[in-house]
Structure formats: C-alpha cells, structure tokens
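Peer 1: Position chain B with the ligands against the provided structure of chain A, taking the given hints into account.
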Amino acid sequence: MALDDRKASDTEARLAAMVMPDVGCTKAARGAALERVRAMGLPQRRDEYWKFTRPDTLTRTDAPRAAVFDAGEEPMFAGFDRLRIVFVDGVFSPERSDDLALEGVQIDRLEDVCCQDDHWAEDLYGTLEAAGQVPVDRPLAALNTAFAGDGVTIRVTGKPSRPISLVYTHEDEGSDVFLHHVVRVESGAEATILENGPAAARFNKCMEIDIADGGVLHHVRAQGRDHERRAVTHMFARLGRESVFKSFTLTVNGVLTRNETVITLAGDDAVAHVAGACAGDGDFHHDDTVFITHDAVNCESRQVFKKVLRNGATGVFQGKILVKSGAQKTDGYQISQSLLLDEDSQFLAKPELEIYADDVACSHGSTSGAIDEDALFYLRARGVPREIATDLLTLAFLAEAVEEIEREDLRNDIVGRMTEWLERRRQI
Amino acid sequence: MLEIRGLRVKLEEEDKQILKGVDLTVEAGKVHAIMGPNGSGKSTLSYVLSGRDGYEVTGGSATLEGADLLELEPEERAALGLFLAFQYPVEIPGVGNMTFLRTAVNAQRKAKGLEDMSAAEFLKVIRAKAKTLKIDADMLKRPVNVGFSGGEKKRNEILQMAMLEPKMCILDETDSGLDVDAMKLVSEGVNALRDAGRGFLVITHYQRLLDHIKPDVVHIMADGRIVKSGGPELALEVEQNGYADILAEVA
Ligand SMILES: Nc1ncnc2c1ncn2[C@@H]1O[C@H](COP(=O)(O)OP(=O)(O)O)[C@@H](O)[C@H]1O
Ligand SMILES: [Mg+2]
Numbered sequence: 001m002a003l004d005d006r007k008a009s010d011t012e013a014r015l016a017a018m019v020m021p022d023v024g025c026t027k028a029a030r031g032a033a034l035e036r037v038r039a040m041g042l043p044q045r046r047d048e049y050w051k052f053t054r055p056d057t058l059t060r061t062d063a064p065r066a067a068v069f070d071a072g073e074e075p076m077f078a079g080f081d082r083l084r085i086v087f088v089d090g091v092f093s094p095e096r097s098d099d100l101a102l103e104g105v106q107i108d109r110l111e112d113v114c115c116q117d118d119h120w121a122e123d124l125y126g127t128l129e130a131a132g133q134v135p136v137d138r139p140l141a142a143l144n145t146a147f148a149g150d151g152v153t154i155r156v157t158g159k160p161s162r163p164i165s166l167v168y169t170h171e172d173e174g175s176d177v178f179l180h181h182v183v184r185v186e187s188g189a190e191a192t193i194l195e196n197g198p199a200a201a202r203f204n205k206c207m208e209i210d211i212a213d214g215g216v217l218h219h220v221r222a223q224g225r226d227h228e229r230r231a232v233t234h235m236f237a238r239l240g241r242e243s244v245f246k247s248f249t250l251t252v253n254g255v256l257t258r259n260e261t262v263i264t265l266a267g268d269d270a271v272a273h274v275a276g277a278c279a280g281d282g283d284f285h286h287d288d289t290v291f292i293t294h295d296a297v298n299c300e301s302r303q304v305f306k307k308v309l310r311n312g313a314t315g316v317f318q319g320k321i322l323v324k325s326g327a328q329k330t331d332g333y334q335i336s337q338s339l340l341l342d343e344d345s346q347f348l349a350k351p352e353l354e355i356y357a358d359d360v361a362c363s364h365g366s367t368s369g370a371i372d373e374d375a376l377f378y379l380r381a382r383g384v385p386r387e388i389a390t391d392l393l394t395l396a397f398l399a400e401a402v403e404e405i406e407r408e409d410l411r412n413d414i415v416g417r418m419t420e421w422l423e424r425r426r427q428i
Numbered sequence: 429m430l431e432i433r434g435l436r437v438k439l440e441e442e443d444k445q446i447l448k449g450v451d452l453t454v455e456a457g458k459v460h461a462i463m464g465p466n467g468s469g470k471s472t473l474s475y476v477l478s479g480r481d482g483y484e485v486t487g488g489s490a491t492l493e494g495a496d497l498l499e500l501e502p503e504e505r506a507a508l509g510l511f512l513a514f515q516y517p518v519e520i521p522g523v524g525n526m527t528f529l530r531t532a533v534n535a536q537r538k539a540k541g542l543e544d545m546s547a548a549e550f551l552k553v554i555r556a557k558a559k560t561l562k563i564d565a566d567m568l569k570r571p572v573n574v575g576f577s578g579g580e581k582k583r584n585e586i587l588q589m590a591m592l593e594p595k596m597c598i599l600d601e602t603d604s605g606l607d608v609d610a611m612k613l614v615s616e617g618v619n620a621l622r623d624a625g626r627g628f629l630v631i632t633h634y635q636r637l638l639d640h641i642k643p644d645v646v647h648i649m650a651d652g653r654i655v656k657s658g659g660p661e662l663a664l665e666v667e668q669n670g671y672a673d674i675l676a677e678v679a
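Chains as they are written, first to last, in the working numbering: chain A, 1 to 428; chain B, 429 to 679.
Take the hints with a grain of salt, since some may be wrong.
Claimed, not checked - Partial selection, computed: residues in chain B whose CB lies under 10 angstroms from chain A:
| no. | residue |
| --- | --- |
| 1 | 481 |
| 2 | 486 |
| 3 | 502 |
| 4 | 517 |
| 5 | 519 |
| 6 | 535 |
| 7 | 541 |
| 8 | 592 |
Said to hold, decoys possible - From chain A, some residues computed to sit far from chain B (all C-beta separations above 12 angstroms):
| no. | residue |
| --- | --- |
| 9 | 7 |
| 10 | 12 |
| 11 | 70 |
| 12 | 100 |
| 13 | 114 |
| 14 | 130 |
| 15 | 136 |
| 16 | 158 |
| 17 | 162 |
| 18 | 212 |
| 19 | 325 |
| 20 | 350 |
| 21 | 354 |
| 22 | 384 |
| 23 | 387 |
| 24 | 409 |
None of these hints come from the bench; they were simulated from the model. In this text the structure is predicted, and so the values were computed from the model without any measurement. Yeah, the Cβ is synthetic: ideal placement off N, Cα and C, and Gly gets one too.
Same shape as in the complex, but just chain B:
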C-alpha cells in the first residue's frame, strides 16, 4: 500500500535535515504504529507524505499503490486515497464544517470520475457517521474546528476520515489531548474503518492508544530514522522503560 524508501527531507528555509533515510512499508489491511521521542520527525514524515509546503525531499521515494506521491499536489494525493488526521487540526473561521465536508467528498468523487453526492444522500450519510462519533448537529454547522475542544477536533478528524473512506490513513497523535472516553470513541471510529483493503499508520507517544487500536507492527523513530521495528510488545517495552534503553541498544 504505502512504500517509503530511504526518504530524506530537509527544511526548505533552513539547512536542517529532519528525515535521514526513512524506510517503511505499510501493507493493506495492516496497522503500523510509529512511536518516538518528541522532535524525532514523526509529524514531518506525515506532512511530507501529504504534501505540505516547506520541506525539500533530498532523497528516497514514497509511493501509494505504486503512484509516486512526492510528485503530486496534496489534493491529488488525497484523491488517491491518502488521509492525514492532523496532530493540530486547523481552525477555519467562516467555512461551515458541513460545507467543508461536502466540498471535500464531492471533490474526491469528481477526481474519481463520479457524480456529486446529492445533498440528501450526503446528509443521510454524515448524520449516521456523526452519530457514532457523538458529533451533534451543532458541531456540523459550526465553522471548521472553530471553538472545538481538543477532543472535538480529533473526533472531527475521524469523521472526515469516515466520510472520505481513504485507503491509507495516517493518524498523527490523534490521542493527544483526549480523555479516556474520547479516546475510546476515536478508537472505535478508527477500528470501524479497519478493513482488508485499508492501511493505517498510527503515530503516537503513548502505548495507551495502542490498547484500543491494536497494531500489527510497531516502529520506533529517533532522529529522523526508523531505528527499530517489532510487534506490539515493542510498544509495551517503551511504555515500561522509555526510549532510552532502545536508543542505547541501537546506538
């Protein structure tokens, strides 16, 4: 599904190398987790994959089902089925959440050569999905993420994911700022989307999210590289001993 080979990235504005050769393959139907200390480059990886400005790829490749992601505009990557749940969802005053979602859904349908979803159909679908995430009508009407609590923003990300039905989902610290109940809601939302045809890359600091979203593979990222990969037990090791042992071991 997602193949990353020797990906090297520096900041466009400064001479600062952030990703120093990342190798990672996420297969369809699998959940991969990336853990790692703050500043190790996890968010940068997610931004570079989704096409944010400000980074310069200095080496390596990233493909989604064989398509070269790094050549494409962000909207083209999205239309191919890439989705990033942002660590910090952006507030957009003046754009209604519903308008935003309908525009996004129809833009992606158009890119796939499909007709717009009718207003009635869209309403039906979004209401059902919003309900399972406990997102009320008011949140749908309000401007995108404006005045949303941390937990509401994260649930809104998952709603977008559910509406867009991407093939490859990247979740960047979707658990940060969530209380236990919200974490459960979000995890259930993610688990409901687990499917043989869909890959997940879950970036997190904490093992606790992985109690809810059970990963197949866990990677540890440090200083711009994947330094260790293993099974779910690797996350437990991090939880118990922190990163120090692992980093010392690979150093």
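Same shape as in the complex, but just chain A:
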C-alpha cells in the first residue's frame, strides 16, 4: 500500500537528518531496514497501532531534552555480582565496563562484529526485527536497525556464573540514542540479562533474542527514572523447542515510554512470560505493547502487566495473543490491570485474542480500579496512616507482576527499591 503523501514526506524529512553508521557487515541489513522504514513510513498519530500513544516526540528530528536525574541512591542492581556493560549516552564505555570475558558467553561490541569474518551475529542482525514487522508495522524498530550507533552481541553457550548487566547512563541533556543488541542463547544454555538506566534524553532500543532448543533466558529491566526522558524499545524474541524466556520490566518515571515486545513461540513446548510493573505520577505516559505468536504445539505464554497511576498519569496496554493453526495445546494467559489513585489518571487497554487452532486454552482480562476501600479502612483501623496504607496496597497490587521474576534475589531487590521509592515520595 502506498503511503499517503504527508507520511512519506515526514518520513523522508526525518531520514534526511539521519546518518547511517559505516559498519561493514551489517551494511546490507541496515540498507534493507532503511527500505522497510521507507515502505512503512514512521508512525503518525492517526495510525491504529498508535491510537493511545502520540508518536511525534519519538519520531521528530530534534529530540526533546531531558534533565539528568540524580536519585542520590545506589545504582540499580548494585548489590549483584554481575558483568557490567556500560553505555554513556549510547556510547559503550570500556573504562566503566567490566572485562567482557566470561565463561559460557561471548560478548562483542556491535562495531567489532563488523570487523570479524563469519561472526555468528552477522546473519541475525535485523532478522528478527524484520520478521516482527508482520502483521503489524513497527517502523521505529526498523529505523533502529538501520541507524543504531552502538550495541552488543551476546552469545550464550553455557551457564555464565554472573548476570550480564547492561547499564545505560544518561549524562547529556540532549542525547538522542539508538542501541541495538543481538542475543543468541544456544541449545541448553542459560543466562540472565539485566538492563537499567535511562540511556538518553531520547532512547530507541532494539533487542533481538534468539533462543535455541532448550535455552533459557531471564531478563529483568529497570527503566531509568529521569522524569523527562523518552524511550521506545523493542524486544523481538524467537523461541525454540522447550526453551524459556522470562522478561520483567519496572518503569517508574519518564515522560514517555513505549515498550514493544514481540515473541514467537516457534518450537514445541516453549514458555514465554513477559511482565511489567509501572508506577506513574503526573506527566507520565507508559505504553506496553505486546504481541505473542504461538506457532508450535504445547507452548505456554503469560503476560502480566500492572500499572499504578496518579495525578494525571496515563497507562496503555495493547496485548495480543495470536494462535496459528496447528499451534494446538496452546496455553495463553494475559492480564493487564491498573490501579488509579485519582480520577485524573487513565488506563487505556486493548487486549486481543486471535485463534486459529481448536485445542487451546487462552484467557485474558483487563481491569481498572481504585484502591480497595475496605482494605484501606482495615489497615487504618489498625493505626496505619492513610498514605502508608495506600503504599502497602500499591505494592501489593504490583506484586503479582514482580512475582513473575523467577530469581528470588532479583525479585526482592525490585520490591525493596519500590518500597524505598514510595517511602521517599511520602517524605517529600
């Protein structure tokens, strides 16, 4: 379908301001991605898939600036023995990063991939992103593939002893960053990837994840708390037979976030869980857009998204489970809920099921509600002040999403952080 003139011209205007990094082996993939962007056009407000989230500040040429926020506390995941890979405003920093050598995993910087012949990631770069463009366009992901300035490739071959921790530091108020990572978990291998930090004033991140038969990947992410930051992220995951992918994202603050997760269960008996907990206050718009395709037998998928919103914050959830014909014995579950702490906040949800197999069990639900007055009174009748009682109930509400994190130490760490933040907020 031809683009309308306005969309085509806006897209060309944006592309004219972009410079494609000169990067040997990914050149072909980047060129193809650029063509995809041209064919799809960058998202506009009246696009169906962007009905609830305005894309203009994500697509326009000049990134809105964002003040750097100093939380004055220990960095996220600080207590964990992890392999840190640090990006400062989107540029890999060898000084701040740990040695990338770790038993059971091969980590390379994207630009180094391009200097090596026959690097494993060469054929993967852009592939899952391209596959994820059907049936819904995700032009900002293709834009990322074409123009990503940095990133890493992570190949898990064993069971590395430490989590791989991607740290996105934001220091420049005007930074506009594209990062692209490629992850491959080999058969029977298992790893944990952590991500944290705001990364930039405007951040576009794409992660392609290919999990071979029997591979296991845990992913826990905490998006940066800089109030004015904007982010659009894409995760494209392809799961082989009996593989497992569990992803959790915590989002607190940020003026605009759109997280798209696109998962294809391609091998039988695979398991994909994707969860998110978000707390927004005031000028905050958070969009979780999830698309899970069941394309094999006896796979399980779970989506658990919880949002606490106040002072005019907006939460969006677009979640789809597509069960292809032949994907029998699919077990699909999706829940999206919001807790609205006042009447100014809103939650917009579009849950969807599309099923072409007959022997499946899929359920989905979406709710939006205020705090439970009976529970609040019960707590207060025991002497717990209203604000503390509200926080307890808020944490309780988010707990169902946090419990999706399999590792107990990480789960506790996230809960501890959320508790601290709520406490601190009360004291202001």
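Peer 2: Using the frame of chain A, we list chain B with the ligands on its own:
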C-alpha cells in the same frame, strides 16, 4: 473509658437512620456485652466508633478517655487505643500478615513518640503471642487473611489485638463461625488481655461466647437503641427466651 451519649447515625448515601440515640459507658477494667437481633445496628456502632466512611453522625457524641473520637481519622483513633475486631476481617492479597502487623505496631508507636520496634524484638514478641493462639509461621507469612478459614481469621484478629495492646477493645461477633475449640482459643486470648486498665465491648448473638468471656454488664440493642441493660443473667434470659419477651417488655 468509652462514653457514648445519644449517638445518632444515618447512612451517608441513603436517608436511613440506623442508630437512634445510643447511650453507653464502658469503664476501664470492665467487659460489656451487646446482644441484639440481626440488623439492630451493632456493627454500625462498631464501625462508627472506629471511623469507617459511609455514615453520617446526626447527633450525640463518643469519647475515648475524654478525646472526641468522631473528630479523628481511623488511624488516630487506633493510636489512642481503640481496637475493633472485625465481624468480617478483610482479605488483603499481596500484603504479608507479618509486614502488616509490623507496620501497624510501628505506626502506633510512632504516633506515641516511640522508636520502631526492632525486627528481632518484633519477631520474638509475635512468635510468642502467635503460639498461644495456635497461629503457625505459615499463617504469619501468608497475605493478610487470604485463604484463612473463618476461625483463622478470628484468631488473627485477636493476635492483632494482642500485638497492639489497645485500651478499648470492641469485638464484633468474634464468635461467629467458630467451633468449640476455636471459641476457647479466642476467648482465652481475650481473657489474657483483661486488665484493670482495659475496657471491652463484646458484640455477640449468642450467650455461649459469654460463658467464656464473662461480662460485667449486658446490653440489649434493638432498632438502633440500647433497650435494656443488666447483669450477666440478661444474656441467659435471651438464650432461653429469645429477644421477643424483652422487646415486648420495653415496647
Ligand atoms: N452500608 C450500608 N448500606 C445499607 N444498609 C446498611 C449499611 N450498613 C448498615 N445497614 C443497615 O443498617 C442496619 C443495621 O445493620 P448492622 O449494624 O450491620 O446490624 P447488626 O450488626 O446489628 O446485625 C441494617 O438494616 C442494615 O441493613
Ligand atoms: Mg453485625
């Protein structure tokens, strides 16, 4: 301790008068019981005293050791020493029982200008008290009242009371849904808290709880008023003849 004078209460949402002038004084060290038919306003009285939303006080007063309860937030009333054991304890998914209790204990200590109780001290105290109520470690860990049986919920209320050591305890049908053994446990828990400085208001339908928790005074409530007060023998009279005779007598 607790003084209620001519308390009149209607529902906020509807034009329905529920309490039509309640007079009641509970002295420190005493146990008062309120009995009365369903719908007579017993739970409403307990909710209004503890500060639940949805009711409008249209007359009268209620004070705890001279402090005007009706002016205060629920948490302030609790900090002054008022405690309500709920007829229907609320389930709170996602909030651990232990976290809940520690938060409550420390919030009340803070209101009194005391330091937080240390985690170790708290554990020691709660373990001892839970043991006498036969509440196991698992029940302490689980979310507040979630998946608890009726009896477990009521024992959990008494545990909260024991931890918070209130001055004025209101028990709303704490015996409902309890078998004989559970009733004994709960009663023992209550009796252990009887003290010269503490008042009790025990709301019940049945005399049998009063066999275990011996009241000093028994009141009969009907249609939003205390219609008769007397000694423990009044409860036995209700048990034998029902409310009809008493209501006819006062009508
Ligand atoms: N929130 C409410 N909404 C409607 N009716 C109520 C409400 N609370 C109490 N009532 C009514 O008030 C009366 C007294 O109820 P309640 O105090 O629960 O009585 P008791 O505890 O003595 O059985 C009943 O008729 C009951 O239906
Ligand atoms: Mg009642």
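Peer 1: It remains to establish, for every hint, whether it holds in the given structure.
Peer 2: Going through the hints against the structure:
no.: 1; hint: 481; in the structure: holds (7 angstroms)
no.: 2; hint: 486; in the structure: violated (21 angstroms)
no.: 3; hint: 502; in the structure: holds (4 angstroms)
no.: 4; hint: 517; in the structure: holds (7 angstroms)
no.: 5; hint: 519; in the structure: holds (8 angstroms)
no.: 6; hint: 535; in the structure: holds (5 angstroms)
no.: 7; hint: 541; in the structure: violated (14 angstroms)
no.: 8; hint: 592; in the structure: holds (7 angstroms)
no.: 9; hint: 7; in the structure: holds (45 angstroms)
no.: 10; hint: 12; in the structure: holds (50 angstroms)
no.: 11; hint: 70; in the structure: holds (29 angstroms)
no.: 12; hint: 100; in the structure: holds (39 angstroms)
no.: 13; hint: 114; in the structure: holds (48 angstroms)
no.: 14; hint: 130; in the structure: holds (41 angstroms)
no.: 15; hint: 136; in the structure: holds (34 angstroms)
no.: 16; hint: 158; in the structure: holds (36 angstroms)
no.: 17; hint: 162; in the structure: holds (30 angstroms)
no.: 18; hint: 212; in the structure: holds (36 angstroms)
no.: 19; hint: 325; in the structure: holds (38 angstroms)
no.: 20; hint: 350; in the structure: holds (26 angstroms)
no.: 21; hint: 354; in the structure: holds (31 angstroms)
no.: 22; hint: 384; in the structure: violated (5 angstroms)
no.: 23; hint: 387; in the structure: violated (10 angstroms)
no.: 24; hint: 409; in the structure: holds (18 angstroms)
The structure does not agree with the numbered hints 2, 7, 22, 23 stated previously, though it agrees with the rest.
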